[in-house]
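Novice: Next come the chains, spelled out residue by residue.
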Amino acid sequence: MIQLRNVERTYKTGPGVTYVLRRVNVDIQAGEFVTIMGPSGAGKTTLLSIVGMLDDSWAGEYYFLDHPVHKMDRKKRAELNRQYIGFVFQSYHLLDNLTVYENLDVPLSYRNISRHQRASMVAEALDRFQIVGKKDLYPSQLSGGQQQLVGVARAVVGNPKLILADEPTGNLHSSQAKEIMELFKKLNDQGTTIIQVTHSEVNASYGNRTIQLFDGWVVNDPKAPKGEGQSEPAASGGTR
Amino acid sequence: MDSFLHDLRYGLRMLRKSPGFTTVALLVLTIGIGANVAIFSVVNTVLLRPLPYHDPGRLVMIWESLPGIGYPQVGTSSAEYLDYRDRNRVFSGIAGYKNDTANLTGSGQPERIPITRASFNLFSILGVEPAMGRTYTAEEDRPGGPKVAVLSYGLWKRRYGADTNILGRAISLDGQPYTVIGVMPASFQFPFSTLPYSDQAELWVPVAFTPDEIADRVREFGTFTVARLKPGVSQPQAQEDVTRVAAEFQQQNPKVYNGSVYVKPTASPLAADIVGKVRPMLLVLLGAVGFVLLIACANLANLLLARSTARRREMAVRAALGASQARLVRQFLTESVLLALGGGVLGLGAAFWLVRLLAAFGPEQVPRLQDVSLDPVVLAFAAALALVTGILFGMVPAWRTSRSQLQSALKEGARAGTSREGLRLRNGLVVVETACSLVLLAGAGLLINSFIRVLRVPPGFNPRGVLIARTQFDETRYPKASSCAAAEREILARLRQLPGVQSVAFVTNLPLADPRGIGFRIEGHPPNEFHNADNTLVSENYFPVMGISLLRGRGFREQDTESTPLVAVINETLARTYFRDEDPIGKRLLWGDRTPFTIVGVTGDVKFSALDAEVAPMIYMSNFQVASGVSRHAVFVVRTAGDPASLASAARRSIWAVDKDLPVFGVTTMNDVLAGSVAQRRFSMSLLGAFAILALLMAAIGLYGVLSYSVSQRMHEMGLRVALGANARDLLRLVVGQGIRVALIGVAAGLLASFAGTRLLAGMLFGVSPLDPLTFLVVAGVLVLAALLASFVPARRATKVDPMVALRYE
Ligand SMILES: Nc1ncnc2c1ncn2[C@@H]1O[C@H](COP(=O)(O)OP(=O)(O)O)[C@@H](O)[C@H]1O
Ligand SMILES: [Mg+2]
Numbered sequence: 053m054i055q056l057r058n059v060e061r062t063y064k065t066g067p068g069v070t071y072v073l074r075r076v077n078v079d080i081q082a083g084e085f086v087t088i089m090g091p092s093g094a095g096k097t098t099l100l101s102i103v104g105m106l107d108d109s110w111a112g113e114y115y116f117l118d119h120p121v122h123k124m125d126r127k128k129r130a131e132l133n134r135q136y137i138g139f140v141f142q143s144y145h146l147l148d149n150l151t152v153y154e155n156l157d158v159p160l161s162y163r164n165i166s167r168h169q170r171a172s173m174v175a176e177a178l179d180r181f182q183i184v185g186k187k188d189l190y191p192s193q194l195s196g197g198q199q200q201l202v203g204v205a206r207a208v209v210g211n212p213k214l215i216l217a218d219e220p221t222g223n224l225h226s227s228q229a230k231e232i233m234e235l236f237k238k239l240n241d242q243g244t245t246i247i248q249v250t251h252s253e254v255n256a257s258y259g260n261r262t263i264q265l266f267d268g269w270v271v272n273d274p275k276a277p278k279g280e281g282q283s284e285p286a287a288s289g290g291t292r
Numbered sequence: 098m099d100s101f102l103h104d105l106r107y108g109l110r111m112l113r114k115s116p117g118f119t120t121v122a123l124l125v126l127t128i129g130i131g132a133n134v135a136i137f138s139v140v141n142t143v144l145l146r147p148l149p150y151h152d153p154g155r156l157v158m159i160w161e162s163l164p165g166i167g168y169p170q171v172g173t174s175s176a177e178y179l180d181y182r183d184r185n186r187v188f189s190g191i192a193g194y195k196n197d198t199a200n201l202t203g204s205g206q207p208e209r210i211p212i213t214r215a216s217f218n219l220f221s222i223l224g225v226e227p228a229m230g231r232t233y234t235a236e237e238d239r240p241g242g243p244k245v246a247v248l249s250y251g252l253w254k255r256r257y258g259a260d261t262n263i264l265g266r267a268i269s270l271d272g273q274p275y276t277v278i279g280v281m282p283a284s285f286q287f288p289f290s291t292l293p294y295s296d297q298a299e300l301w302v303p304v305a306f307t308p309d310e311i312a313d314r315v316r317e318f319g320t321f322t323v324a325r326l327k328p329g330v331s332q333p334q335a336q337e338d339v340t341r342v343a344a345e346f347q348q349q350n351p352k353v354y355n356g357s358v359y360v361k362p363t364a365s366p367l368a369a370d371i372v373g374k375v376r377p378m379l380l381v382l383l384g385a386v387g388f389v390l391l392i393a394c395a396n397l398a399n400l401l402l403a404r405s406t407a408r409r410r411e412m413a414v415r416a417a418l419g420a421s422q423a424r425l426v427r428q429f430l431t432e433s434v435l436l437a438l439g440g441g442v443l444g445l446g447a448a449f450w451l452v453r454l455l456a457a458f459g460p461e462q463v464p465r466l467q468d469v470s471l472d473p474v475v476l477a478f479a480a481a482l483a484l485v486t487g488i489l490f491g492m493v494p495a496w497r498t499s500r501s502q503l504q505s506a507l508k509e510g511a512r513a514g515t516s517r518e519g520l521r522l523r524n525g526l527v528v529v530e531t532a533c534s535l536v537l538l539a540g541a542g543l544l545i546n547s548f549i550r551v552l553r554v555p556p557g558f559n560p561r562g563v564l565i566a567r568t569q570f571d572e573t574r575y576p577k578a579s580s581c582a583a584a585e586r587e588i589l590a591r592l593r594q595l596p597g598v599q600s601v602a603f604v605t606n607l608p609l610a611d612p613r614g615i616g617f618r619i620e621g622h623p624p625n626e627f628h629n630a631d632n633t634l635v636s637e638n639y640f641p642v643m644g645i646s647l648l649r650g651r652g653f654r655e656q657d658t659e660s661t662p663l664v665a666v667i668n669e670t671l672a673r674t675y676f677r678d679e680d681p682i683g684k685r686l687l688w689g690d691r692t693p694f695t696i697v698g699v700t701g702d703v704k705f706s707a708l709d710a711e712v713a714p715m716i717y718m719s720n721f722q723v724a725s726g727v728s729r730h731a732v733f734v735v736r737t738a739g740d741p742a743s744l745a746s747a748a749r750r751s752i753w754a755v756d757k758d759l760p761v762f763g764v765t766t767m768n769d770v771l772a773g774s775v776a777q778r779r780f781s782m783s784l785l786g787a788f789a790i791l792a793l794l795m796a797a798i799g800l801y802g803v804l805s806y807s808v809s810q811r812m813h814e815m816g817l818r819v820a821l822g823a824n825a826r827d828l829l830r831l832v833v834g835q836g837i838r839v840a841l842i843g844v845a846a847g848l849l850a851s852f853a854g855t856r857l858l859a860g861m862l863f864g865v866s867p868l869d870p871l872t873f874l875v876v877a878g879v880l881v882l883a884a885l886l887a888s889f890v891p892a893r894r895a896t897k898v899d900p901m902v903a904l905r906y907e
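First to last, the protein sequences are chains A and B. Counting the first sequence from 1 gives a position; this note's numbering is that position plus 52. Counting the second sequence from 1 gives a position; this note's numbering is that position plus 97.
Hints are computed from structural coordinates only; laboratory data are not their basis. Do not rely on the hints blindly, as some may be mistaken.
What the simulated footprint calls covered on chain A by chain B, stretch by stretch (three residues with Cβ under 8 Å from a Cβ of chain B suffice, anywhere in the stretch; the number is not a length) [unchecked claim]:
#1 103-110
#2 125-138
Computed list of lysine-lysine pairs in BS3-like fashion (alpha-carbon distance at most 27 Å, straight line) [claimed, not checked]:
#3 LYS127(A) x LYS213(A)
#4 LYS238(A) x LYS186(A)
#5 LYS237(A) x LYS186(A)
#6 LYS897(B) x LYS64(A)
#7 LYS123(A) x LYS244(B)
#8 LYS230(A) x LYS213(A)
#9 LYS897(B) x LYS127(A)
#10 LYS361(B) x LYS374(B)
#11 LYS64(A) x LYS128(A)
#12 LYS244(B) x LYS757(B)
#13 LYS374(B) x LYS128(A)
#14 LYS186(A) x LYS230(A)
Even glycine gets a Cβ: it sits at the ideal position worked out from N, Cα and C.
So here's chain A without its partners, still in its complex pose (with noise of 0.2 Å):
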């Protein structure tokens, strides 16, 4: 499903450049559950948004599905995004001004899909993630886990093939963040692919594979891409 060679990002800062990631090559499969771990600022953040599509100032190969995702142009990148991938915020982000349903409403507004069918997508997510009783509150009536709750069930509302997760409990208990890891193996027993970043090996052990970053190389990757070896960085790091 996704395809990453030699995926390199960098920050101009002041006169020179820092790299954020470096050569990264990874390959994941349709209805895995990948988890990405590595300290602060090793760049799994920058990762995801790669994949999710956000970001566009990057270099290297990225198949999407097949798609020559480098080769696109940020209209074609966003309706990918639109298409297949839903996001999940280590801090909820929902929209405060919003209720319950109308932020499970939002991603579907951006896509060409009828009012009518809109209304019987947000009941079923609604139906799905038990909250219908939820559905007039705001979010600031909800606690912590709700909130998330919400979150997740936003990024699945409109069947993404492709979840992508930062963080998603790093804000919540760990009898919440229990609750929101089981919905997320359900999900992928369903067959909707998941990228977790978390720093809980409790939430890792949901997934099927781990790979690790650090300071923006890919330092332990189980199902590293074959004839395309990943060279260790030395310990100072893959900023210059």
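Following the hints, position chain B with the ligands against chain A.
Specialist: Chain B with the ligands alone, transformed into the frame defined by chain A:
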């Protein structure tokens, strides 16, 4: 006190620290307060400042109407004035006067000046002493008395270089020597040019009614009466009393007052007569600038609100350190009042210039416009306005800050302030701004609409390529109508020979400039059935030169002379009104004690009194056949192929070539005469239009500010939406939609307010209803368009959002 000084110092520091905000706020305040102070100072001088007389509230004018003939407001006859004077029981003093013009010659170019012939007690009734010399006595105010004159301050300065030896000097009025006995103070004016049939007199002479003047009670209603109420007498009592006097003298003269000839007197306050016509317009303008200031306040409240949100942390810390809510509110108010006072000072400066502009370009129909100044009343108004303004726009954010949960601000840190409530308040302010500017736009739109319609009214003549020049023949050197006629013929002949001149004509009363009405009867109708008609005396070729169409019969001919039967030409309206089913040609009209006038022609209707007034019946007479007092007012009409204005000096020379002592004045084009007749309309339209544009700009800026702020606060949300699949168009629509929604609510509220408000304009409109749908549609459209433009910039900024901010935002 100490803490107040502290607040003050701190407020100043905060304002200095954000020069951008301070500059914008001061600019908005300067405009808002400046416009208000300027218009208020006009209202203050024109409507509020007492007239320059002693106890002016006790002064009344006596007017008469002749309902049977259709004269709504005229003066009295001289004989009637004497009756009011001698028989009333309510006035402590009563003076009669007649307005006239005279040719002033000697020392410099001859000029025609407006003068007033007034009874000797006019000055004492008004309670004004001369600045120099004396006014005339009862002994001097009699027929055949000494010829004495009192000069206005203006004439004394302008014509005689403020010569302090002027007293006792002889001046020449209409060729007769008058002795100057006094000079009035600069502040003295009487009558005001806004009184009916009046010009501002430059000189006063005794009225000295001749027996001939008093003989006919109803020939002329050109004597005006000003009186002072006795102590304790109210205006209704005065009204009752003059009604009684009028009833008495009409009963005692049944031969004079019968049929359609009867008079009804009105005793009305002098001040109302002087300013009554402009009062509604000035009040509308004052209301309009009030709206402008309200919009300015809303704008500033919004600016401060944005700032206060940014300063919530500061306030929270202060609260945590023990500041009471009152202290916090006061801190905000100190800043806003400080700003407003700064704006007030700058606004006064702006008003100073605006007032000069108004005096320079305002129409003469506004009395005392030249006297408008920033007096202590205006200064107090400006100070009060600034204070109220400061509190008004400072209150909103101050109240918000004290109410909000300051403690949470500490925890929330920089994220504070995107609450739904705050946004609603800000949007509400923009709604108010939009609504106010719609009201102003609607008002301006209606006035513009009216103005265009007035200009489109066909005047009934062709004003293009026509030059006007005036003179006046005095009775001393031109004692007889025939001597005037000879000079007029000669001047016409000289004008005709000027290069580029196509044709020339003569008229005594020019349309849209010199109104004149007469009472006439129709031969064969009951002898006491009088009717009212506009009237002017013309030369033979007046109709073709002015481009007035002749519908039936003939115009005047040179063969119509003093020795041939009198003839008249009437307009279509007179023909339609009084000769509905008959041919008017050959019918005869009666005017005064002259032999009957035979109608020989019918012309098309001409707008005579005003473009926006109904055409009244009109009777034209031949200037060279009919001798009348009015024939001394000479207006020459010159039609040319080229630019008429370029003929001005040649026309002057032509008149002086005939008589170098004739005053030449009012040299202008007919197009300018037309424009002058709509000057007041143009004045109110321009001012209201300017205020509306200001309002629109400020409302647009307000909307822009709110959206910009809201977008900057919502950057994260925008990024998130992109992450959820929104594209540029979606974001554009989101922000512009927010702007348009706010604008539409404002437009709806403004429409409702306008439906009520534009009624106040009804008297100033022409050919358009106060609820004219097209005007409302257009101004609503203009506002929505402005809202679109104002939304577009912040919307564009929203589309530039980097979605990654959403991911990194913790
Ligand atoms: N706009 C930026 N400019 C410069 N450096 C950035 C920018 N955004 C992120 N970085 C840097 O990129 C690196 C990777 O960041 P990120 O992907 O957020 O790491 P992680 O999610 O693994 O903590 C960090 O060192 C961060 O400082
Ligand atoms: Mg991260």
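Novice: Compare the distance between the alpha carbons of LYS238(A) and LYS186(A) with 27 Å, and conclude whether the hinted pair is satisfied.
Specialist: holds, 22 Å
Novice: Taken at face value, is the distance from the CA of LYS757(B) to the CA of LYS244(B) at most 27 Å?
Specialist: Judged against 27 Å, a Cα distance of about 25 Å means the pair holds.
Novice: Check whether three or more residues of the segment 103-110 of chain A sit with their beta carbon closer than 8 Å to a beta carbon of chain B.
Specialist: Three-residue rule met by the segment 103-110 of chain A, so holds; n is 3.
Novice: For the segment 125-138 of chain A, count the residues whose Cβ lies under 8 Å from any Cβ of chain B; is that count three or more?
Specialist: Held - the segment 125-138 of chain A has 4 residues with a Cβ nearer than 8 Å to chain B, which meets the minimum of three.
Novice: So if I understand the rule, the pair passes when the alpha-carbon distance is 27 Å or less; does LYS897(B) with LYS64(A) pass?
Specialist: holds, 19 Å
Novice: Take the C-alpha atoms of LYS361(B) and LYS374(B), compute the straight-line distance between them, and say whether it is at most 27 Å.
Specialist: With Cα atoms ~21 Å apart, LYS361(B) and LYS374(B) stay inside 27 Å; holds.
Novice: Keeping to a limit of 27 Å between CA atoms, is the pair of LYS186(A) and LYS230(A) held or broken?
Specialist: At roughly 21 Å apart (the allowed maximum being 27 Å), LYS230(A) and LYS186(A) satisfy the hint.
Novice: Below or equal to 27 Å on CA atoms is what counts here, so check LYS374(B) against LYS128(A).
Specialist: The given pair, whose Cα atoms are some 69 Å apart, is violated under the 27 Å limit.
Novice: For the pair supplied as a hint, LYS123(A) and LYS244(B), is the alpha-carbon distance within the 27 Å limit?
Specialist: violated, 106 Å
Novice: Against the 27 Å threshold, does the CA-CA distance of LYS127(A) and LYS213(A) hold or violate the hint?
Specialist: holds, 19 Å
Novice: Need the status of pair LYS64(A), LYS128(A): alpha-carbon distance at most 27 Å?
Specialist: Distance of about 26 Å is within 27 Å: holds.
Novice: Given the proposed pairing of LYS897(B) with LYS127(A), does the C-alpha separation stay at or below 27 Å?
Specialist: The given pair, whose Cα atoms are some 14 Å apart, holds under the 27 Å limit.
Checked against the numbered hints listed earlier, the structure breaks hints 7 and 13; every other hint is satisfied.
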